Every structure is written in structure tokens, then in C-alpha cells.
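From just these sequences and the hints, can you work out the full model?
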Amino acid sequence: MYRRWFFASLLGLAAMAAAATAWWPGGDARRLNVILLTVESTRADMVRPDTAPNLLRAAESGLHFRNHRAVSAWTAPNAVSLLTGLDAFALGIHAAGDSLPRIALPPVDGKAAEDPPLRKLSERGWRVAGLQAFMLIDQFNNTGLTVESGGEFLPWLAGRVVDRKPFFLWHHYLETHLPYGPAPEFMPDWRALLPPGDTAARQRIETIMRQPAVPAGSVAFKPTDRDAVVAVHEATLRQFDAWFGRFWDFFQASGLRDTTILVVTADHGEEHLERGDVGHASTTHRGHLYEEIVRLPLFVWLPPDEKRLERGLRSIQAPTHHSDVMPSIMAWLEQRRSAPLTRLAEKPWQAITSLAGFAEPDPLHVREFVAARLEAGWKLHRRYRDEKPVENRLYHLATDPGETTDRAAERPDLVEKLAKPLDAAFANRRQVRREAEAAALSGNAAAPAWIFPAGNRAVRFADIRDGITLRWSGDPAARYVIEYQAGEGGALRLQGRLEAQGLEKAFGRIDATYWRDYVLPYGRLRMRVGLPGRDDAWSEWVEVRALP
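In short: position in the sequence shown from 1, add 60, done, that's our numbering.
Treat the hints as calculated values from the structure; they're not laboratory data.
From a predicted model like this one, the values you see are computed outputs, not experimental measurements.
Treat the hints with care, since some could be wrong.
Keeping only pairs whose Cα atoms sit at most 27 Å apart, straight-line, the calculated BS3-like set for lysine-lysine is [what the hints assert, rightly or not]:
no., residue 1, residue 2
1, K407, K480
2, K407, K477
3, K477, K448
4, K448, K480
5, K180, K225
Written out as C-alpha cells, the structure reads:
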């Protein structure tokens, strides 16, 4: 009841704001808003009339890109590619703690890179924002994004309609990620899809409905589980589609439809047992770049008055990539007629991923990568270990879209042809030197000591729902690193590092769903803070236990 009343109130506000905008004389047709909406773990073949009717109905007035691909197998590099226009080789983001350089982006094709597009927009007067606390992690540093943590999506948009200043908002819909926990009204009868009486099969499906990560080998899935896996995951997409339907109503009633470029895509796809696992790199720890992970939906809506920029286009079969999205947004904002997304040209696609993404066991020293290249219908997967290629797999997508028949042995000529640009990109990829860079800034500062938390403690959601700030003693001009270890052992384990400037690290508000699905399952979090590159400059470990 409250949700219906709240949404009705927003629509009323939106209608009044739209009426005000209609006569406001200060508009600038070139200062369009942008909403980039990414949907977690959503593969292209999941988006159908039975799973996403609201999205596809809205797509009738937009552009539908049917051959779109990601640049990595986990969230952060894909999101940063969408925000910058760089591919995963140039980003250098492969593990927890990696981020873009603080000053400028790395060179592209031998040319000095410009400032990030979002920084440019901010300097030109756009309000550039993300609202979700997870956007505060290091991977999204230096993109030009300002994180206004704690704001709610529709109320924030309603505020922007009222103040009538241009904005760029990135919003990430998270509830399609593991664990698959759709609301009761969307929950399918997944038990009916399993062999009758198979208790073990039920337990396997309950695992993917309970755990935010299911590392490869931790659950012995069987092929007969697949229908239930797909059904439960697609139920989360149906729930997203209902959410999108409410957003679309607001988007039109508020007048944003007439002043905003809207982009809807996914960060990456999801494996549904095609290779024996459920999830993607950060959840399986066995990352790859097969089509179920990289082939994604992409929809774009231009304001009606701007459709002349892409007249005659609707359903686009030409290949597009995540790195095409931001350059296209900038082209449309600048009223240019040629955007990378709509050039309709065949172009090779390349991607790279670490095996475990955010969950890499040693984020400072990633040893294994998988890269892939698609050209003229042939797709090469090339694995690297300790900087050397160790395995090739070759597939012809036109005749083998599921990538089940490896043809590397029979076509060494194609392997060599596709491997050459991959090897060049791999050798020239940006490599983050966090320890070396930060150690130069740590100097002779004394080891820090925790102020908050001052010792081991237990925490419930009510204690942190409004946000939490870690604090320590030390030099306020120094850079610090927080080392963390999450989990009780077994399948759910995470470790990594977060950078901080000065004597605190603030984290914004999280909601109860995030606490339940992504904090509680890990049970405990151990942390220490220190000066990077200094083995003698660490605080004591503190342990925080999450309680229901």
C-alpha cells in the first residue's frame, strides 16, 4: 500500500514538473540529460516478451541493438568501460582495488587521452552522479563520477525535473545478481522442473537462492538442474521488468522522455551451467568470455526531437561493444550525426578478464587471464598464465553459437591470425602498479591505529543503515590502504584492498536487501589499515561480525 501511494505521489510531482518545464523559456536543446541504467548479470537471450514485456514495449520507440557485447566477465571493468569508452585492455581493471589513474586516462592508440567524459560533462555544468554505496569502491575512482550515496532513484530524478539542470545518472539494478531471490509474486515453481523426489537437486537450487557466490566445484550441479536455474534467474528479470514499467511511467509523465537520453544494458551476462557453473567471474572464480557472459541486451532512447540524429534506425544487427556507448552519448549530446553505436560497420571485438574478478585471491598479482577476439564470425579464446599464452579455443559462431566445438586444431591459420592482435593488446595492456605508486606517497609516516572500530565488534543492519565511516590515526596528508578478509572460509571468501586519502573511509547507506544478500552470508570481516609499500606500518587487525 505504501509503495503504491509513494509512486502515485511521485507521478503527481512529475506531472507538475513537466507542466512547468513546458513553458520554461531557459531550455537548451543541446543540454540533454543522460540516464545509464545497467542491469546486473543479464544475458541477451533472457530478454523476451514473456520475461521483459515492459522493456520490449518501451523499446518500440527506441533503438534495439541485437549484437552487443561486454568487454570483461565481471561488473567493474564493464561499468567503467561504459562510463569512459575505453576497453578492458586500456582500463587495467582486473581485480579488487584496481582503478583508473588519478590524473588522466591512459593513452589510446598511441595518442594522449583526454579527461574522462564524465569529468568533461561536470565541467560543462552537468550534475554527474551515482547513488549507490557500492560505487564508492576503488574500481570506480577517477571516472568523473560523484557518488551521492543514499539517494533513491525515482525521488532523485524527480528533484532533477524540478531544478531543470542537466544531469548524467548511472544507476545499477542489482537484484538480478546471485543469490537469485525474486519476490513471491515472481517466484516460479522451480521444484516442478527437477527430477521428482531429488532432494539433493533441491538443495543445489536453494544454494543459488541463498549464496551471493557459488565458486566452481563448490556445488556438484547436474545438467538436469539447468531448467530450474534458468527459471529462478529469469524470475529476477521479470521482477526487474515490473520495476522498469513503473520507471517508464514516471519517465514519460515527468517530461524526462523529451529531454533525456536513456541507455539500458547489462554489465555482463551469466552462465547457466553451459560450462558447469552458475554465475560469472567474481562468483564462479572461473572466468571466461563465452557468449552467455558477453552477449548482452542494449536499448537506447533518444528524445523525440533528437531522433533526426538516427533517422530510420530501430533494430540494429551490426556489432556493438560497451566501449561504443559513452562516445555515442557524447556524440548525441554534441549533436553529431555519426555515433559509434550506429555506424553499422563490421568491426572486430576484443575482451579480457581475470579468472575471479573482484574475488581474485591475490589482487596485486593476477597470474591468469582469458582474452578473446571475434572477427568475421570466428571467435578465439586465448588463455595467458604468467604473461605467456598457454591455451587456445576457436569457434565459428554462425554454425556453433553455443561454442561447443573447438576448431583450433583444424584451423591453425585462424588461430595465428586472431592471436596476433590479441597478443599485442595483452602485451600493451595497462598494468596497475598500486603498491609502487602509493609507496612513494607514504614517506616516513607512523603506523596508523584504529579509532573506529577501536576493536572487535558485532554489527546489525540497524547499526549501519545510515552509513559507516572507518577512522584511524596518522598523517592526514598520506594515502592509506585498508586490507580486508571477508568470510568464514569455505565457498564464501573475499579479500582485497581499498585505498583511502587521509584518515577516514566513508561508506554510504545500504538497504536491507543488500545487507541480507551480500553482507550477512560472509559472516565476518577482518580489516587492518596501513601505509602501502610499508610492511612496518600496519594497524592491528579488527574483526566485525555481521548479525541478523
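- Enumerated hints in conflict with the structure, sorted upward: none
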